[in-house]
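Same order as they appear, the protein sequences are chains W and V. Heads up, our numbering is the position in the first sequence plus 340, with the first residue counted as 1. Heads up, our numbering is the position in the second sequence plus 20, with the first residue counted as 1.
Errors might be hidden in some of the hints.
[As the list claims (entries may be wrong)] Computed list of lysine-lysine pairs in DSBU-like fashion (alpha-carbon distance at most 30 Å, straight line):
1) W/LYS349 to V/LYS90
2) V/LYS117 to V/LYS90
3) W/LYS411 to V/LYS117
Simulated from the structure, these hints should not be mistaken for lab results.
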Amino acid sequence: NAGVTQTPKFRVLKTGQSMTLLCAQDMNHEYMYWYRQDPGMGLRLIHYSVGEGTTAKGEVPDGYNVSRLKKQNFLLGLESAAPSQTSVYFCASRASGSTDTQYFGPGTRLTVL
Amino acid sequence: TQLLEQSPQFLSIQEGENLTVYCNSSSVFSSLQWYRQEPGEGPVLLVTVVTGGEVKKLKRLTFQFGDARKDSSLHITAAQPGDTGLYLCAGRAAGNKLTFGGGTRVLVKP
C-alpha cells in the first residue's frame, strides 16, 4: 500500500515548455486534489476531482489543466510554463466523508526559468 | 474566499518549553484540521475538530476549536526537537474544500 505517489520529484523547465505531473493513489479514494505551496502562503487549491471523469477549478486554476481518466490517477498539466509557476506541487486524496483524512503525496518541486 | 490566518509565522524555542500556535478566521468552518509537514514531505494530518469548543489531546499536543468555529489553537507542552516542523491549519466549509492557513514554522532547539 503505497498511499499517494507523485512523479517526478523534481523538474526544471524553461519558460514556454509544457509538462505533466502524475499523481497516483491506491486507496480507492473518490476525491483527489492538486495544490501548490509557496513560502508563507500555505497550500492553495489548483484543481480537484470528486470522481473518475470529473474535474473542477479550485482557487488558482489559471495556467493549469487536469484530467482524471482513471479513478486512481490525477494528472496536472502545464501547457506553457511561466516563472510564476515555480512552486512545490502536492497531490492529495481522500474518501468521500467530509471529515475523512486527506492524504498527501511527497510533492514535486518545479522550477521554471 | 475564506481566509485563515496563522500566528506566529515562526517560533523558535528551547526543548522543554511550551508553545501555542493560533489559527483565526472571520468565517465559520464545519470542521478544522491541523497538519504537520516536515522538509521534503507532504503534510500529515494530526487531528480534526468538528464541534465548537471541542478540545482534543494527542500526547503533548492539545487542540482547541473555538466556540463559534472560527478559530483554533494548538498547544504543545514540553516541546521536543521531534516537534520541529511546519504546522498548518485547514478549515472545511461549504463545498467540502479545505482552506489552508499560511503555516507556522516551529523550531525546537535541544
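### Query
Any of the earlier hints contradicted here, and which numbers?
As far as the earlier hints go, only 1 is violated by this structure.
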